[in-house]
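The whole structure should be built from the sequences, with the hints applied where relevant.
Note that the protein sequences, when read in sequence, are chains A and B.
Convert by adding 9 to the 1-based position in the first sequence; the result is the number in my numbering.
Convert by adding 83 to the 1-based position in the second sequence; the result is the number in my numbering.
These aren't lab readings, by the way, just hints derived from the structure by calculation.
One or more of the hints may lead you astray.
To be verified - Lysine-lysine pairs mimicking DSS-like chemistry, simulated, CA-CA at most 30 angstroms apart:
hint	chain 1	residue 1	chain 2	residue 2
1	A	K303	B	K135
2	B	K112	B	K98
3	B	K131	A	K216
4	A	K11	B	K297
5	B	K197	A	K20
6	A	K216	B	K215
7	B	K131	A	K303
8	B	K217	A	K20
9	B	K197	A	K11
10	B	K263	A	K216
11	B	K297	B	K90
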Amino acid sequence: MKIRTMNYMLKQSFVSIWRNRGMSVASVASVMASLTVLGVIITIVLNVNNLSEIAQMQFDTIQVFLDEELGTSDISDLGKKIGSIKGVNFLDYETKEEALNRMKEQWGDKGYLLEVLEENTLPNSYIIHLENIEVADDVVKNLNTLEGIEEIKYHKEILDTMMGIANFVRTIGLALIIVLILITMFIIANTIKLTLNARRQEINIMKYVGATNWFIRWPFFIEGIVLGLIGSVIALGIVYFGYEYVFDLISNKFHMMLSIQIVPVKEMINRTLPIFTVLGAGIGALGSILSLRKHLRV
Amino acid sequence: MILIQFKNVSKIYNKGIQALTNINLTIDKGEFMFLVGPSGAGKSTFIKLLLKEEETTEGVILLDNEDITRLPRRKVPHLRRNISVVFQDFRLLPSKTVYENIAFAMQVIEASPKEIRRQVPMVLGMVGLSDKAKQYPNELSGGERQRVSIARSIVNNPAILIADEPTGNLDPETAWEIMKVLRQINRRGTTVVMATHAKDIVDTMQQRVVALEKGRIVRDEHRGAYGYED
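So, in structure tokens, the structure goes:
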């Protein structure tokens, strides 16, 4: 394509956007709304994914609390039995004293409160490290058949819940996004249709003097893409500043520790930028194709 | 030398209307041909088939020995650069000046600015509107507008100029101005096919006349007359 042709087409597109500025604003707003919602969903999904990854690393252990009456030999026997269960990687034994010390550590400067306890009521326990989180259910089933275990504590439920939430958010999000994108495409198609009507006479003449089909189509195509891109840039801005605000809020008002587990703003934008650009331009392009197919017989 | 050839061409529209039946016709290079006949005789369909706005139902149309009925859609634009058309209603863009209206036809086929600067004043001169270049269509008379429209249709040097009732909206005197311009274009070698109801013009011009009735050619005379009482 020649440069002056490209100039001509860009000019036509922007003139049309300006001429139908009402509908153009509506299109941009609609792309913006769809992508902002998408941004929120991406934020949630990425964070839930991130959390569940962290959780998997921390929670791939099962803690079994032992009966108070168990003697030393019983304890080591039980340890051997547990060690032979399929899927168990290795065991750590934690005495009741160690458990108390760990608890004091965790309580930090309030640890002195534990000093008042007259007797250590914490049980002895085995901490079972699993080969992977998937075997947890089977291992627990096996543990249940063993004698001398008072309680089994494991985090599969937490993980399951988290995965469940992630999946739920993803599914609902996807459905919502599809609906929003369809609406957006329809609105863009309508905007293009207005341009088409405004330029019908011109197009008619172009056809009779032998303009190629793509020469006629390009300006509309560009118009759709420009509207989509403007919308996606605004949405990206909203998601960026919104996420930064929430991120700061969490790390300042709540806990530094918590913010470590949140996907950083920069990474989030790096991930959403390509998605937004492609989707914005894509929605715009599809919207114009929709309109051109229906209303422009070239 | 044959430029256009219709071979057993029929056109039936989707609704079952038989618009043209078994048309056989040749048009030579440089010819001036009138297409006459009552409304609904098939003149418009004839023109639409030539412009490939409609497809033939049967038969073939050859242009320079090339079968245009089998032309893929994407090649139609290039066909239209060779077969140009002028309408009764001028079809000028009101927001563009005379010069811009004509230049537009060149811009959309991606002619260079240099070519545009050379061609536009030349065709404006041919239709006698050199002094109106900067005016807008609504500042011109009907005859002048039609001359702009003709200038636009020949600016890309088509082989054929089709005029679909070009004088239909004009008074007799102005119509003659248009005919002079068309005759001049024809003399320069462009084949002209003109569909018309203007009896006086056809009778006076003494050119080939093809008469259509109910979709069939009923008369084809060189140096013919209109042959209908309006």
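Next pair to validate is K297(B) with K90(B); report whether the Cα-Cα distance is within 30 angstroms.
holds (18 angstroms)
Hey, K303(A) versus K135(B), does the alpha-carbon distance stay inside 30 angstroms?
Judged against 30 angstroms, a Cα distance of about 20 angstroms means the pair holds.
Do the alpha carbons of K216(A) and K215(B) lie within 30 angstroms of each other, as the hint requires?
Answer holds: K216(A) to K215(B) is near 26 angstroms, not above 30 angstroms.
Given the hinted pair K197(B) and K20(A), is their Cα-Cα distance within 30 angstroms?
holds (21 angstroms)
Does K216(A) sit within 30 angstroms of K263(B), going by the straight-line distance between their CA atoms?
holds (27 angstroms)
Satisfaction of hint between K303(A) and K131(B), Cα-Cα up to 30 angstroms
holds (22 angstroms)
30 angstroms Cα cutoff - pair K197(B), K11(A)
Measuring from Cα to Cα gives roughly 14 angstroms; hence the hint holds.
Hinted pair K11(A) and K297(B), Cα distance within 30 angstroms
violated (48 angstroms)
Tell me if the straight-line CA distance from K131(B) to K216(A) falls inside 30 angstroms.
holds (13 angstroms)
Pairwise hint evaluation, K20(A) against K217(B), where the allowed Cα distance is 30 angstroms at most
Roughly 22 angstroms between the alpha carbons, so the hint for K217(B) and K20(A) holds.
Next pair to validate is K112(B) with K98(B); report whether the Cα-Cα distance is within 30 angstroms.
It is violated: about 35 angstroms lies between the C-alpha atoms, which goes past 30 angstroms.
Checked against the numbered hints listed earlier, the structure breaks hints 2, 4; every other hint is satisfied.
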